[in-house]
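Novice: Each chain, written out:
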Amino acid sequence: MMLSSLIFIPLLLGIVAFLAKSSAKVMALLGSLTTLVISGYLSAQTAHTPIAFSMPWIPQLGTQFSLLADGMSAMLCLLTAIVMTAVVLANWDNEIERPTSFWGLMLLSQAGITGVFLASDVLLFYFFWELAIIPVYFLCSRWGGERRIAVTFKFFVYTFLGSLMMLAAIIYLAMLNPGADAYSWANITRAGASLSPENQTWLFWLFFGAFAIKMPLFPFHTWQPDTYEQAATPVTIILSALMVKMGLYAVIRWLFPALPDGVAFWSNTVIILSIIGIVYGSFLALSQTDLKRLVAYSSLAHMGLMCAAAFAKTQPGMHGLMVQMFNHGINITGMWLIVQMIENRWGSRDMTKLGGMATGAPHMAIALVILAYANIALPLTNGFVGEFMMFHGIFQSATPYHITFMVIAGLGVILGAAYTLKMVQKTAFGSLAPMVVAKDMSLGESAALAFIIALVIFLGVYPKPLLDLTGSVAQLMFP
Amino acid sequence: MKAIIAATLIGVLMMFISISVKNKSSIVSAAAILLAVLLGINIWEVVTASQNASGAQTFFNGMLSFDGFSLWFNMLMTGCSLLFVLLLGKEIAKIGNHVGEYFALISFILVGVFLLSGYNNLLILFIGIEILSIPQYILAGSDKRNLKSSEAALKYFLMGSFSTGILLMGIALLYGATGTFDTIGLRMLQTDSLNSMALAGIIFLIVALGFKVSAAPMHMWTPDVYDGSPTPFMAYMSTIGKVAAFVAFLRLFHASFGSLSNHWMLILAIVTAATLLVGNLTAVFQQSVKRMLAYSSIAQAGFMLFAVLSVNAIAWQGIIIYAVAYTVASVGIFAVLVKLKDYTYDGFNGLAQKEPALAFFATICLLSLAGIPLTGGFMAKYFVLMAAVQQGQVMWLVIFALLMAAISAYYYFRVIIAMYFKQGTPELNSEVSKYDKLLLGITCALVILIGTVPQFFLHN
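These protein sequence lines are chains A and B, in that order. The working numbering puts the first residue of the first sequence at 1, with every later residue one more than the last. The working numbering puts the first residue of the second sequence at 1001, with every later residue one more than the last.
I should point out that these hints are in silico values taken from the structure, not numbers from a laboratory. All residues carry an ideal CB built from backbone N, CA and C; glycine is no exception. A couple of the hints might just be wrong.
Said to hold, decoys possible - For each label pair, taking beta carbons as the anchor points, the in silico distance ranges come out as:
1) Val1432(B) with Asp468(A): 56 to 66 Å
2) Val1047(B) with Ala44(A): 46 to 56 Å
3) Val26(A) with Ser1433(B): 26 to 36 Å
4) Leu1266(B) with Trp205(A): 18 to 28 Å
5) Thr222(A) with Gln1190(B): 53 to 63 Å
6) Val157(A) with Ala1032(B): 36 to 46 Å
7) Ala1032(B) with Leu12(A): 28 to 38 Å
Stated by the list, open to error - Below 27 Å or equal to it, Euclidean Cα-Cα: the simulated DSSO-like pairs (lysine-lysine) are:
8) Lys1148(B) with Lys154(A)
9) Lys353(A) with Lys422(A)
10) Lys1354(B) with Lys25(A)
11) Lys1437(B) with Lys21(A)
12) Lys1341(B) with Lys1148(B)
Required output: the full structure, derived from the provided sequences and hints.
Specialist: Below you can see the structure in the form of structure tokens.
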């Protein structure tokens, strides 16, 4: 019941927000705060014993409406609620065109994303996977930059194609299970794991194609910088903090157990692609002048590291990855919020035209510096814990090239420091560029950033709650 | 059987009504009421059939047999026809002066549908196909003052006659090979007894039935005929007219030639691939939404061919769910289309600002046609593809079909983009009334219901 309420509260509030024609913002705040409380409670409950919920759905197919929350799912639900809360708070005083549709769609996408993290029936998982993308499609196309329609369309067709390939694989696996419960996680993973290695190697790409596009992994990433740049910043946050996690989550939850031989066969390929992504993303981030593109490419690099850690297939790597999924979501939300505030105040995202935030808006500058440190993964910020564990995992991995992989991936950290500090330098310091709206943070924005920064520091100093929450899941996968 | 008699009588009655009643809107209401009565009869038949467990009821010495499946299909098709008349009745009344006759023809088409869902004999198949087709030829040309409409009717009639000829030839060849018209008797054709005469008969039947369902390369008539026909009748022909032919196709190839599937599987698989390719790729390049929908109906036929291709029980459920989901969503999008003056994509520009409800309902229907989860179109595609995967031999075709589905998102979403993200002032033919909104709302609710709880629409 608690699990379904996490999905249905935002869904219903979203519909109400559409119909109510006013006070959609209040609905959004209500939705995000309620889900925040519920998922916080859920995380406290599921650290050791998973919670499940199930009821029959389509008997002719043998699907169940079954949800399952273990530590990883609960953590990601919590992340979703935190990010939504921060987004609503930060935009409390901003004028958004057509607020009813905007917040209605935001709530609907929250429902879809939460559903992906909770579904333990593969058809239900697919439903939510697509349900999340449709509101985001409308959000990206309706609000944002000038080229948004074409860019979003490319993004949509890309992800839709990926999902359809995944659908073929889902049907294939489900047809191997005659009987009542053909789509459950247990049956799907058993059917997949019992396939011959040859079959697993091609099925792997049907699944992983969809996840790689969503993450995005290096050659599948071409939609990402444009979409992040053109979408309105609140939507970019949804995309980069939450939707990319859908890809990683699906890899861990579905792909690894369902196709172990396929994963083993392609691990090195995927790690090489991820590492190319790290270096490529970092170098491109270094040469950007547009803030949004800079953060977009830095996100590409971070996702590369996370994907490499996943395919290293070691317990510390997996554990670190789960911790980092949470922390990356928090940090990147903070970064985007700052970018949005800069754009609102200076009327530009071009770094060559910015500067002097430390004199023009000192509180904002402090927040930026803290978040930048977290982005570089400096010790005592939350970014450090996960990144350290992921490197540890890559180093321990069974592949003969593990040292090479780690060294090249480590390059990403150095480059990350370079472009993040360059961004801080260009925006916060120097002479004050003319501001369109000359004021520091508003109350809502301060609340959102204070929330984020509190988490950054708390989890950097004391990461134990997060480690405890996800530890048992990592241990189950790689004992 | 009761439904066949009732539908015939309703057709005749409608013709008398068209003589005696002059008011067009009362003719439309009469048609809706009569179709509702017909739906009631269908439901009654389904209920009585489910109560007595004796199996199928047969008529005319076994030439017609109605089992639970065919009665269920008939009920759903009558329901869809009722929805069609309610949504588009006002527009039908605007086409010409002989409104009552159009509705009479529609109920004759339903007679054809009922025959095709229950035939057990190739002669009934032939009669059913003819009863289904001839009213469609007339409806295609019903806008008499419009040259394109007359062209459509003539083209449809000539091409249709050819395909009827081929159908007869195929039936004759099969009779020559087996000495029977009976679909159960045809099962005596086994791989070892299959001679070239029987094989040629089967191929002729694929061609003739493929023509009726507009499968490539027998699809050439479709775009011109659909584009030229009055829009409401295009909606009817491309949905109910087509899915009935599919059920006939499925019935014959599963019940009679199921054990021979090795011999026709490859031909049909190539036809399916060609249909998907032609329908989707050509639809991308259309500038008129009506013509795009004509090509997309070819593309949708490609998916329905998967049900014919896969000889298993899921295929039967698949065709039912596809028939309903596709018909409901298409009728919904046509009901929006007829409101607009300009059928090009630009004609849809800015519809969301002017008529938000209309744009929203159109979006739901388009999402369903594109096969997005939570809508009926997804479940429909899911069932037929699942049938094909279970069949096992055509995994390549399944992946190809999914690639094509991604392309189809392109042209369906172009309409959504025009409605929501482009500026413009679309010109409407008539005001969108509360009644229209209510009916479109019901249509969209049906689309969502099919997509979330398909079990209520399946025959168990």
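Novice: Does each hint fit the structure? Answer for all of them.
Specialist: Hint check:
1. Val1432(B) with Asp468(A): 56 to 66 Å: For Val1432(B) and Asp468(A) the Cβ distance comes to about 57 Å; the hint holds.
2. Val1047(B) with Ala44(A): 46 to 56 Å: holds (53 Å)
3. Val26(A) with Ser1433(B): 26 to 36 Å: holds (33 Å)
4. Leu1266(B) with Trp205(A): 18 to 28 Å: holds (26 Å)
5. Thr222(A) with Gln1190(B): 53 to 63 Å: Check passed, 54 Å falls within 53 to 63 Å.
6. Val157(A) with Ala1032(B): 36 to 46 Å: Roughly 41 Å apart at Cβ, these two residues keep to the hinted range, so it holds.
7. Ala1032(B) with Leu12(A): 28 to 38 Å: holds (35 Å)
8. Lys1148(B) with Lys154(A): violated (37 Å)
9. Lys353(A) with Lys422(A): Judged against 27 Å, a Cα distance of about 14 Å means the pair holds.
10. Lys1354(B) with Lys25(A): At roughly 24 Å apart (the allowed maximum being 27 Å), Lys25(A) and Lys1354(B) satisfy the hint.
11. Lys1437(B) with Lys21(A): holds (18 Å)
12. Lys1341(B) with Lys1148(B): holds (17 Å)
Against the hints set out earlier in the document, a violation occurs for number 8 only.
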